[in-house]
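Protein sequence lines correspond, in order, to chains L and X. Letter 365 of the first sequence, counting from 1, is numbered 674 in the numbering used here, and no numbers are missing. Letter 180 of the second sequence, counting from 1, is numbered 489 in the numbering used here, and no numbers are missing.
To be clear, the hints were calculated from the coordinates, so they are not data collected in a lab. Just so it is clear, the structure is predicted and the values come from calculations on it, not from any experiment. For each residue, glycine too, the CB sits at the ideal point set by N, CA and C. Certain hints may be false.
[Unchecked claim] Which residues of chain L face chain X? A few of them, derived with a C-beta cut under 10 Å, are:
(1) T331
(2) P343
(3) P547
(4) G550
(5) G551
(6) T709
[Stated by the list, open to error] Straight-line Cα separation of at most 30 Å, BS3-like style, residue types lysine-lysine; simulated pairs:
(7) L/K948 - L/K739
(8) X/K606 - X/K616
(9) X/K606 - X/K737
(10) L/K319 - X/K513
(11) L/K1003 - L/K335
(12) X/K478 - X/K616
(13) X/K329 - L/K572
(14) X/K990 - X/K362
(15) X/K329 - L/K513
(16) X/K329 - X/K990
(17) X/K727 - L/K329
(18) L/K386 - X/K870
(19) L/K606 - L/K727
(20) X/K362 - X/K335
(21) X/K1003 - X/K948
(22) L/K870 - X/K945
(23) L/K513 - X/K870
(24) L/K513 - X/K386
(25) L/K375 - X/K329
(26) L/K375 - X/K335
(27) L/K513 - X/K485
(28) X/K727 - X/K874
(29) X/K485 - X/K319
(30) X/K739 - X/K945
(31) L/K475 - L/K737
(32) L/K335 - X/K1003
(33) X/K485 - X/K329
(34) L/K335 - X/K335
(35) L/K335 - X/K1065
(36) X/K513 - L/K335
(37) X/K616 - X/K1065
(38) L/K513 - X/K513
(39) X/K739 - X/K727
(40) L/K329 - X/K375
Number of protein chains: 2
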Amino acid sequence: MGDVFDFIGKRIPSIDSMSKVTGSAKYIADLSLPGMLYGKFLRSPHAHARVVKIDTSRAEMLPGVKLVLTPDDIIGKTNPVGAARPRNQYALHREVRYVGDEVAAVAAVDEATAEEALELIQVTYEELPVVLDPEAAMVPGAPQLQEEARNNVRDLKRVRIGDIEKGLKEADYIVKGRFQTSKQVHAALDTHACLSSYDPATGKLTHWTRTQYVFYTRLSIAGALNMPASKVRVIAPPAIGGAFGNKSGSYAHDIAAAFMSRKLGQPVKMALSREEEFQATKSRHPFLIDAEIGLNKDGTIVAWREKAILDVGAYGDLNSWVALLGQAMAAGPYKIPNIWVDSYCVYTDKPVSGAMRGFGNPQITFARESLLDMAADQVGIDPVEIRLKNIIEPEDVPYTTSTGLIIRSCGIEECIKKAAQAVGWAEKRKPNTGVGMAGMMQQSGFKTLDADAEYATVNIELAADGSLLVRTGNSDVGQGLYTVLAQMAAEDLGIPLEEVTIIGADSEVTPPDLGCVSSRSPMTTGGALRIAAAEVKRKLFRIASNMLEVDPQDLVARQGKIHVKDMSRSVPIAEVAGAAYFTSVDGDAGPITAQGTWVSSTQPQNEDGYGNYAPCYAFAADAIEVEVEPATGEVKITKCVVAHDVGRTLNLDIVEGQLHGGAGMGIGYGLLEEGLVHASKTGQLLNPSIMSYKVPTALDLPDMQLILVETIDPVSPLGSKGVGDMGVACLAAAIANAIYDAVGVRITELPITPTKVLRALEAKREQSGT
Amino acid sequence: MGDVFDFIGKRIPSIDSMSKVTGSAKYIADLSLPGMLYGKFLRSPHAHARVVKIDTSRAEMLPGVKLVLTPDDIIGKTNPVGAARPRNQYALHREVRYVGDEVAAVAAVDEATAEEALELIQVTYEELPVVLDPEAAMVPGAPQLQEEARNNVRDLKRVRIGDIEKGLKEADYIVKGRFQTSKQVHAALDTHACLSSYDPATGKLTHWTRTQYVFYTRLSIAGALNMPASKVRVIAPPAIGGAFGNKSGSYAHDIAAAFMSRKLGQPVKMALSREEEFQATKSRHPFLIDAEIGLNKDGTIVAWREKAILDVGAYGDLNSWVALLGQAMAAGPYKIPNIWVDSYCVYTDKPVSGAMRGFGNPQITFARESLLDMAADQVGIDPVEIRLKNIIEPEDVPYTTSTGLIIRSCGIEECIKKAAQAVGWAEKRKPNTGVGMAGMMQQSGFKTLDADAEYATVNIELAADGSLLVRTGNSDVGQGLYTVLAQMAAEDLGIPLEEVTIIGADSEVTPPDLGCVSSRSPMTTGGALRIAAAEVKRKLFRIASNMLEVDPQDLVARQGKIHVKDMSRSVPIAEVAGAAYFTSVDGDAGPITAQGTWVSSTQPQNEDGYGNYAPCYAFAADAIEVEVEPATGEVKITKCVVAHDVGRTLNLDIVEGQLHGGAGMGIGYGLLEEGLVHASKTGQLLNPSIMSYKVPTALDLPDMQLILVETIDPVSPLGSKGVGDMGVACLAAAIANAIYDAVGVRITELPITPTKVLRALEAKREQSGT
């Protein structure tokens, strides 16, 4: 193909933009079916309690109510869900473990009736002791929240690389810190909803739900309801308004709606309110990190030791993988020979933590990059210099890190240098103004759950008129994946973009795919597409070579035609496709279809945390300039430089959109988003609304300068890297570092609110006696 | 696999029977979409006229009317449809060519408004001369109905095998006859309808229609509307109430609904009334056959000469292929060295003739089997004996006929002998009672349109819990195809039937398939399924062989498990499938999917009519006993024996159902169905209703004795042969022969009504002077 492209790398508008702008795009909220009922949950007002009695009689008598479910209908009659064993979350619970936990469910002819019915259900609770703080939960004698978890520790993951004791002993400097990150929520515009329709005559369940991963959701629902997966059709709606990790797997509403539809033989829709979205879906894992870093005199990092406590919340989900990734990314883009990590996953009486953009990396990056600046301060060298001293340099590549990650392309040096230059690192600044930087590495792609590989399958059909259908099981959650896939298909087969149709994310229609997670899609699904496209091309060229009487290898496909390479003659693809459809060629015949599977064999971590996590890795360095108002503690970002190694840019608009959005979320993480705040004793949620939980708006965000560094990765099919996850991680630390540079205080707890800055300034003034 | 089956050959209820019995099955009539409009056609009251003027102003002013289309909107702005070139049927016409031809169309908010609007459209016609009789149409100077067709002959197909003049000259006997068959209609219970929905934002058209062949319909609609096929999604509804050939390709209502939906941006539904179904869909081609047969003294057939005139109706469709198949089947199951056929396809001012169960074979079989009895009479040997003398015998196989058909399995001898025995051929009978027999051969499968191959593609996914999804582009039109496919998948992979889901006939979902035509599906689509299943099995066994530590070839899949062949140990398929999904195996990974394409290279007929039409051939002999009431001419079937070589029986219930249904249609063809009757001058339709067009009911049909002869064909994947088409062909001739045996009159024009018998008896009495 060479590096001259007709479609790749261009600014091509999202193929669904017209339907979103005109409003014809269908979200779950837009779907309805004849005879559809509305389901609602009754939720626990207690953070921890036993349900002693439920009286549903009044609710059942309300006209329009079709079904009232209690935990007795569910527990023991369905299987629990969750990404990993032991699974312990049901659609309804007899013992509730957070405020908002599901206690009963209702299906009624309309939403108002369902809500009225909820008020008629009388539940008697026996309150139980509440544990909200994971450190407290680990203390022997703390209330045990899940039967299997001694001291509430669901899982413990470890890294044991090198000799940590020796490494720290021999270090010239040891710098320690304790860092606390927040329970950031995804706050996607499109709240969770599903529509479930069971046909008693065929035994088939059709289930529309906002999901990043229809195949896993299918398995999860089928498993919960004891149905064959082949009888469960999971469809991601054509339009999903953001996901950020919060739409993987199945939720209580998925299971309850499916269960009620099967029981009633009528479609049931369940849609969460914004409050329920905050309460009862997932969030980023809060990490409490105690870390120490050992360095030589010249600033070379020799050791990293860390204990992380992950706040899992009430039920088990993806915590072990968040722990694993957090560990795997602990060293970031730096070469560190001795690494020791303990990651404790701990239950608390809070909503479940799950996957969220960055997946463990923003937490660990905040700690590492803060600590690195603290170390630079001690060693007495510049923060940029200490980073450049320790990074994986271009000449190191290919490089295997001490933890086994295989780096085949790395642009971190260029990112750091360009970000420093762009932010004016060396400039003299006004008082209370400072600059900060943070660097990071982020995996693109992911090993499969429980497994050691990363795969996707794409199915292509070339219609008889030369137009193209591409089927992918992956979801476009608003980020533009299908646009990128259409570009790739158009590029590889020389078919006009407007003749490529992407068919996506319907478990009955599309081939299996690991889904839209972990910045994998253009690489893995795109890779599968390119394999299938190559097979289509091979078949096309075989027929065209007969028509044009040249060797297939002398052909090239562009702009709807297959040309002889010297462009002297050509035949329309429509004609070749038609011939394949209608004419036998060499005894072969039939429409041109192909299925491609892209597999990258990664290597699972061993017990010491050694292994290669992902097919490839992206790098970034963000540089921030802030002004701190000492009187109020207010922090204003005056410059924001985002320099990212994105591999090859596939669609410039989309890459920029991802980086802008990621940086916005990173700034929210750093400065604004208080996370889900719980009253310290009762666990009552204090801010489950967009009014009280502050997602940054455009007005809260600075202008951003984007710098794209393109290191073409040899593993990724077009050399692209993931850009979805990586945008978030650096910002919080870069801001904290800039604040330190500006006013000399170090904030280690997210978000960095004016109050925290003010108190730190006060403490500093007290300390210095001024 | 051996010949012991868990599922194949059993009486397994259709997998859709529950949904049909409970009413949950969705026909097109059951579908509706928000904002859906209803479309209706204004139809021509004249058999041939020019539209001089259309005034739509009053119709357009009617509240609720959204659009009124006239031929000016369509002609030159869309492309005509039809199975073959030259295509000449549009959604609307400026020159109408039969009573019922489409002149204008309306879309309105409901059906009543649409119908009211039709009455407000004022059309001024200039009547043109009408030609209804194809022989008359061929006379030079007859009105020319289509520009390209000189003497109204659209096509002429020929067979020139051997030396016909020499053959006839050297024959000891030459017997001649003229035979006229009727314009039988399909009369499926489910009348034609479609629902078309265009999304202006994505440029995609979704089109539900009753079709046997979604991929051809997709191409046809895309071609008519100048859209890429990848933007047209054609879906056959989950339930289709019979097809019989009348649901291949696209109709005027498909094009008009799609066109109006695109113009309006709203869904448009069009459903034909029963009267419209009779008027404006297709029918069996009436054949006028002049045939002569040459025989030696001993009854050996040495020559067959035939001129057939096919009544094409107003527009070109599948006539050339009907002619080709009629020709290819002219010799039936007999060895005839010299064959000469001319098949003229001739336009008339009547509804279009198209594909119908048997596809040219019932017509030619009626002529040949009647003529053969007439010849037996002349030669002076028994009708059974003359057939046995000429058939392809088991020891001939594999046998290539004089016209190039390759017979790899043939059970005609057994069919004839068993049918004769069962009907009590040699018994002495009461006066006015007689027996008759007819034999036939019918292709299973078909070469592709314009091409020389027969193919299907099936896509299989094994879900992580070991349940199975099978995707086929073929339609189940009520005959049970999906049940048979589910049996085959269950059999091949040892998966419980209830865990197999068949997903069918949606051009966006399923892989391309030639569709449900020409008795091909269990062979071709089933063949593709078995190829895909073998690949799934290979992958399964590879993983299971690691788990069980045995060689893959020592494994067998049955009852949800993979066993070591000695049945000593096993592992559940669910476990193996899960491992494939979640665990890397030998560096490979990912869900088990496979796509299989079944291709049978057939050979197109050359100009002399030599070639191999189909992958395999089925045979049948039906024997009939009748009582004729001389006073009324009424014919009562007192015995009906249907002996068919079906290859391997795949599902006994379904095979029997096909043979019962086919025989019922054959008896209707022979005795009852007057075809579409046209007033001799105006072309007005006289019987476009179920009241006046008599389809036999259960009360009209005799008890039938079915005899299944199973000659396992080596080409067909499980050895099965088509049973859909073959049932019809023999009955009309067998009845005619039995009537001759009973009362000595030969009826050569279908249907054999009491009037015709009575007149023949009267003529005979006159002739013999009694």
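Against the structure, the hints:
1. T331: holds, 5 Å
2. P343: L/P343 check passes; min Cβ-Cβ to chain X is 8 Å, inside 10 Å.
3. P547: For L/P547, the interface hint holds, since the closest Cβ of chain X sits about 9 Å away, which is under 10 Å.
4. G550: violated, 16 Å
5. G551: Hint violated; L/G551 Cβ to chain X Cβ min 20 Å, cut 10 Å.
6. T709: For L/T709, the interface hint is violated, since the closest Cβ of chain X sits about 19 Å away, which is over 10 Å.
7. L/K948 - L/K739: holds, 14 Å
8. X/K606 - X/K616: holds, 25 Å
9. X/K606 - X/K737: Measuring from Cα to Cα gives roughly 27 Å; hence the hint holds.
10. L/K319 - X/K513: holds, 24 Å
11. L/K1003 - L/K335: Satisfied, since the Cα-Cα distance of roughly 28 Å is no more than 30 Å.
12. X/K478 - X/K616: holds, 18 Å
13. X/K329 - L/K572: holds, 20 Å
14. X/K990 - X/K362: Given pair X/K990, X/K362 holds - Cα atoms ~24 Å apart, limit 30 Å.
15. X/K329 - L/K513: holds, 15 Å
16. X/K329 - X/K990: Roughly 44 Å between the alpha carbons, so the hint for X/K329 and X/K990 is violated.
17. X/K727 - L/K329: Roughly 68 Å separates the two Cα atoms, so the pair is violated.
18. L/K386 - X/K870: Holds - the C-alpha atoms of X/K870 and L/K386 are around 25 Å apart, at most 30 Å.
19. L/K606 - L/K727: Roughly 26 Å separates the two Cα atoms, so the pair holds.
20. X/K362 - X/K335: violated, 41 Å
21. X/K1003 - X/K948: Holds, at about 21 Å.
22. L/K870 - X/K945: violated, 65 Å
23. L/K513 - X/K870: Roughly 23 Å between the alpha carbons, so the hint for L/K513 and X/K870 holds.
24. L/K513 - X/K386: It is violated: about 43 Å lies between the C-alpha atoms, which goes past 30 Å.
25. L/K375 - X/K329: Satisfied, since the Cα-Cα distance of roughly 26 Å is no more than 30 Å.
26. L/K375 - X/K335: The given pair, whose Cα atoms are some 24 Å apart, holds under the 30 Å limit.
27. L/K513 - X/K485: Status violated; Cα separation ~59 Å.
28. X/K727 - X/K874: The hint is violated at about 40 Å.
29. X/K485 - X/K319: Between X/K485 and X/K319 the Cα gap is close to 46 Å, so the pair fails against 30 Å, i.e. violated.
30. X/K739 - X/K945: Holds, at about 14 Å.
31. L/K475 - L/K737: Violated, at about 40 Å.
32. L/K335 - X/K1003: violated, 48 Å
33. X/K485 - X/K329: Given pair X/K485, X/K329 is violated - Cα atoms ~49 Å apart, limit 30 Å.
34. L/K335 - X/K335: holds, 23 Å
35. L/K335 - X/K1065: violated, 63 Å
36. X/K513 - L/K335: holds, 14 Å
37. X/K616 - X/K1065: holds, 24 Å
38. L/K513 - X/K513: Since the Cα atoms of L/K513 and X/K513 sit roughly 27 Å apart, the hinted pair holds (cutoff 30 Å).
39. X/K739 - X/K727: At roughly 22 Å apart (the allowed maximum being 30 Å), X/K727 and X/K739 satisfy the hint.
40. L/K329 - X/K375: Distance ~26 Å between L/K329 and X/K375 Cα, so the pair holds.
The structure is inconsistent with the numbered hints 4, 5, 6, 16, 17, 20, 22, 24, 27, 28, 29, 31, 32, 33 and 35, although it conforms to all the rest.
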